[in-house]
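*Asks:* Let the hints inform the model, and build the full structure from the sequences given.
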Amino acid sequence: MCFKRVFLFFLLFLSTLYAQAFNKAEKQWISENPVVSISMLNNFEPFSYELRNKHKGFSLDVLKIVEEISGLKFKVETTRWSDALSKFKENKVDVIADISFTEERTKYAAYTSAYYEIPTFIFGLKSNKEYKNNDSLIGKTIAVTRSTFYVKQLKELGMKVLELDTSFEKAQAVVTGKADYFLASYTTGQKAISDNTFYTLQVLGEFTAIKKEDLRFATHKENSILRDILEKSLKRIEPEEFSYLAKKWINNNRFDSQIDFTEEEVAFIRANPIVKYSEVNWKPLSIIEDNKMKGIMGEYLDLVAQRTGLKFEFVPSKSWPYVLEQFKEGKIDLVPGVGSSPQEKQLGLISNRYAKYPFVIVTDDRYTYLESLMDLKDAVVAVPKSYTSYNFIVKNYPEMNLLITEDIPEALIAVENGKADAFVGHIATSLYYISELHLKNLKVAGTTIFDIEHHYLIQKDMPVLLSIINKAFNSISLQERKDINANWIQTTVVEKKIDYKLVFLVFFSFIIILAVFVYRQNILKKYNERLKDSYADIESIMNSTMEAILITENRKCIEVNDSAVKLFGYSSKEEMIGQDLLNFIAKDYRKLVKSKITATVKEPYELEILTAKGKNIQTLGKGANLKLSGKNVRISSIIDITDIKSKERLLIEQSKMAALGEMIGHIAHQWRQPLSVITVVATSWEVYDELGTLDKKKVLEEGKLILSNAKYLSQTIDDFRQFIKGENSSSRFNVKDLIGNLTRLVNPSIQNEQITLVLNNSIDRELLGGQNNLLQALINIINNSIDALKQQKNEKFIFLDVKENEDKKVQIIIKDNAGGIDKNIIDKIFEPYFTTKHQSQGTGLGLYMTYSIIEKANASIKVENCDYIYNKKKYKGVTFTITFQ
11 MCFKRVFLFF LLFLSTLYAQ AFNKAEKQWI SENPVVSISM LNNFEPFSYE LRNKHKGFSL
71 DVLKIVEEIS GLKFKVETTR WSDALSKFKE NKVDVIADIS FTEERTKYAA YTSAYYEIPT
131 FIFGLKSNKE YKNNDSLIGK TIAVTRSTFY VKQLKELGMK VLELDTSFEK AQAVVTGKAD
191 YFLASYTTGQ KAISDNTFYT LQVLGEFTAI KKEDLRFATH KENSILRDIL EKSLKRIEPE
251 EFSYLAKKWI NNNRFDSQID FTEEEVAFIR ANPIVKYSEV NWKPLSIIED NKMKGIMGEY
311 LDLVAQRTGL KFEFVPSKSW PYVLEQFKEG KIDLVPGVGS SPQEKQLGLI SNRYAKYPFV
371 IVTDDRYTYL ESLMDLKDAV VAVPKSYTSY NFIVKNYPEM NLLITEDIPE ALIAVENGKA
431 DAFVGHIATS LYYISELHLK NLKVAGTTIF DIEHHYLIQK DMPVLLSIIN KAFNSISLQE
491 RKDINANWIQ TTVVEKKIDY KLVFLVFFSF IIILAVFVYR QNILKKYNER LKDSYADIES
551 IMNSTMEAIL ITENRKCIEV NDSAVKLFGY SSKEEMIGQD LLNFIAKDYR KLVKSKITAT
611 VKEPYELEIL TAKGKNIQTL GKGANLKLSG KNVRISSIID ITDIKSKERL LIEQSKMAAL
671 GEMIGHIAHQ WRQPLSVITV VATSWEVYDE LGTLDKKKVL EEGKLILSNA KYLSQTIDDF
731 RQFIKGENSS SRFNVKDLIG NLTRLVNPSI QNEQITLVLN NSIDRELLGG QNNLLQALIN
791 IINNSIDALK QQKNEKFIFL DVKENEDKKV QIIIKDNAGG IDKNIIDKIF EPYFTTKHQS
851 QGTGLGLYMT YSIIEKANAS IKVENCDYIY NKKKYKGVTF TITFQ
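Be aware that the sequence shown starts at 11, since it is given in this note's numbering, and climbs by one per residue.
Where hints are given, some of them may not hold.
Simulated crosslink set (DSS-like; lysine-lysine; CA at most 30 Å straight-line) [stated by the list, open to error]:
hint, residue 1, residue 2
1, K201, K637
2, K201, K566
3, K395, K304
4, K450, K395
5, K632, K606
6, K102, K150
7, K746, K800
Derived by calculation from the structure, the hints in this document are not laboratory data. As the structure is a computational prediction, the values presented were derived from the model and not from experiment.
*Replies:* Below, the structure is given as structure tokens:
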């Protein structure tokens with residue numbers, strides 16, 4: 011009851027503070043806009059950065075406090091600075107973090123007060139003898155973060171500015187001679203040097219010619235009420251809280267200054283800089299790769315190395331007994347993964363405990379929650395022979411029915427397959443293999459009374475090393491321990507009844523996590539290095555081709571060749587690198603490109619690109635998705651086809667005119683009849699008038715005949731006019747109208763050759779593709795059939811069917827009885843200038859144009875020979891099938 015009162019009082023106190031903080035309008039705004047989007051950086055350590063796909067840093071912690079005070083929820087989008095600023099300017103996010111004040115930005119941004127200030131430092135080559143002070147930078151090329159607040163000021167000071175996206179690129183620019191110096195905060199600059207082994211670089215001094223980088227939040231200028239809410243929230247943060255965060259993230263970056271080593275310990279480190287150790291694969295605790303230990307124990311070993319200055323050298327071992335044998339023989343100094351059993355303590359010195367994990371019980375869905383192993387007294391438990399879990403069960407539960415296996419995977423698979431009811435083992439290794447083996451039916455159903463502790467085993471004659479390592483362990487914070495576990499173990503939902511003891515253990519120890527473990531390796535840096543090497547190797551090849559080549563990762567451009575720079579009208583590669591691929595694509599074609607870049611290798615397709623000057627250029631593009639040095643990238647090649655398209659348009663017109671000329675000849679013959687009827691009727695009226703027999707009724711009846719024939723002639727003219735007129739291939743049309751226009755246009759040619767047209771169309775649907783262009787494509791197909799049927803003396807048929815297939819897609823099927831196409835050439839009939847149509851000769855343009863038109867209409871065409879029966883007679887011909895998407 012007392013706790014409830016205190017809790018209610020605490021809630022009342024918080025609500026009172028909240029009421030004092032915000033006015034009525036601000037409260038209303040918060041209630042109406044509970045979620046606010048914010049753009050933050052992913053590479054600005056230690057303020058805002060991503061490590062192993064997890065966002066962290068000083069600025070994020072400040073934002074979380076603002077979130078608690080204001081009641082707002084922030085939807086964070088992380089990216090690099092230039093993209094973050096662009097998103098903010100384009101109103102894609104409500105707030106931007108870590109922005110510095112400039113007068114120019116006040117045109118679109120409303121700032122809060124600064125929550126931290128960072129001095130800017132100058133970095134350059136160690137061999138640089140020219141640097142004396144800030145004036146030494148005048149006339150030099152300075153690499154800076156793209157769109158940073160002091161770019162304009164540097165130029166005004168007489169410096170040349172090279173804008174880049176990452177600290178790595180800035181440091182690399184100095185190493186490769188593209189820049190003389192680079193500017194960064196002390197922490198980000200030093201990290202770029204150490205992470206990428208740019209040891210020829212060093213910090214030269216603070217750059218005082220500009221103001222310190224003041225970190226602020228900013229909203230859009232018109233949204234001052236949100237800025238006021240953020241400002242009030244920041245002012246509510248106690249100075250002690252800011253001091254704590256600064257100490258946590260900024261002032262603790264140099265680990266070697268955290269530990270107070272004795273003179274004896276310092277002397278030991280200098281005299282013994284390398285410590286040899288050995289271990290075997292015990293995933294995810296220890297993962298042996300490339301003669302180095304990774305995993306949970308590997309991360310602890312890296313922390314000890316950072317904080318002591320010791321270097322740990324891995325000595326391979328083929329088995330766990332062999333590790334202990336090498337230790338006994340003095341071939342290694344340390345074993346990083348022993349427990350605290352009496353047997354292990356006899357071998358050497360045992361360090362303080364650096365980690366502790368429970369043994370867990372893994373089952374399938376037959377169990378919900380297990381209090382202890384006693385709940386499995388009638389069950390079969392799978393355990394690997396001679397493992398710690400096996401020894402534990404044999405000693406404490408001798409009556410347990412065991413299924414002995416060779417290793418952990420075999421034991422877990424036995425549970426998955428129903429050969430055993432449960433598995434008992436280390437939580438981290440259990441969850442790792444559940445994930446790696448994709449054992450979706452297994453879960454952690456409970457814990458045992460046994461916990462396994464992890465210590466270092468150190469040679470007995472090295473007590474000073476023991477003291478050094480214990481001090482390093484003591485310097486590791488709870489947050490760091492939690493982060494290490496979180497990197498290798500992730501939480502999942504486990505069926506269980508409420509167990510407050512277990513909840514307490516999970517929440518306060520940060521170690522016991524009932525989870526489905528997702529194993530992943532932290533080798534991003536290695537992949538980046540390989541990728542850079544690959545780019546260096548292929549750069550000369552890329553620049554030797556006339557095609558524009560762009561390499562993108564997640565649509566972001568990471569490399570281009572010289573032809574791409576020229577085609578897109580940019581002055582340098584740097585202007586293109588970092589941009590979204592869609593920035594280079596004309597607006598109407600971006601949806602098409604989005605659909606193409608998700609696929610693997612595809613046929614070339616036409617698109618329009620957008621140059622730096624806003625000009626659209628017709629091109630042919632092709633791309634492939636592949637893995638390059640461990641990264642998923644897309645390589646796109648683009649070639650200018652403006653001249654080709656001009657020639658193609660000419661070919662289309664030539665093809666159309668050829669078809670038109672042939673039809674006009676046939677239609678001229680058909681027009682003779684209606685013209686003769688009109689002439690005869692008009693002449694008869696004159697005769698009737700002279701004879702005095704002309705009457706009104708007769709004139710009206712014969713006038714209808716004239717009108718009918720005139721309408722026929724007019725309709726024919728309209729059909730020709732529409733056919734000749736150009737049209738956008740993306741316009742919509744009715745398939746029923748299309749077929750009607752088609753039959754009117756081709757009927758004269760068909761009738762002239764005494765061919766029977768069998769039409770079957772019950773479809774009345776709208777499609778996308780442009781009716782006039784499709785008319786030309788269909789006419790080309792029918793004209794080919796007419797040409798082929800000219801050679802035939804027997805019955806001549808052309809079948810025109812319009813229907814829906816099983817997928818409800820509209821199909822137009824044109825079939826004849828002209829004998830088919832030679833199987834040796836049927837695959838070539840859509841090639842340009844292939845002149846054999848069936849067994850007739852032609853220009854070779856018709857079917858090539860047909861294929862091109864249908865492809866642009868988002869449809870497909872298929873040709874095949876066919877045998878069929880019509881009116882109880884057997885015929886052979888060719889079938890063209892057009893399917894609309």
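*Asks:* Which numbered hints does this structure break?
*Replies:* Result: hint 6 breaks, nothing else.
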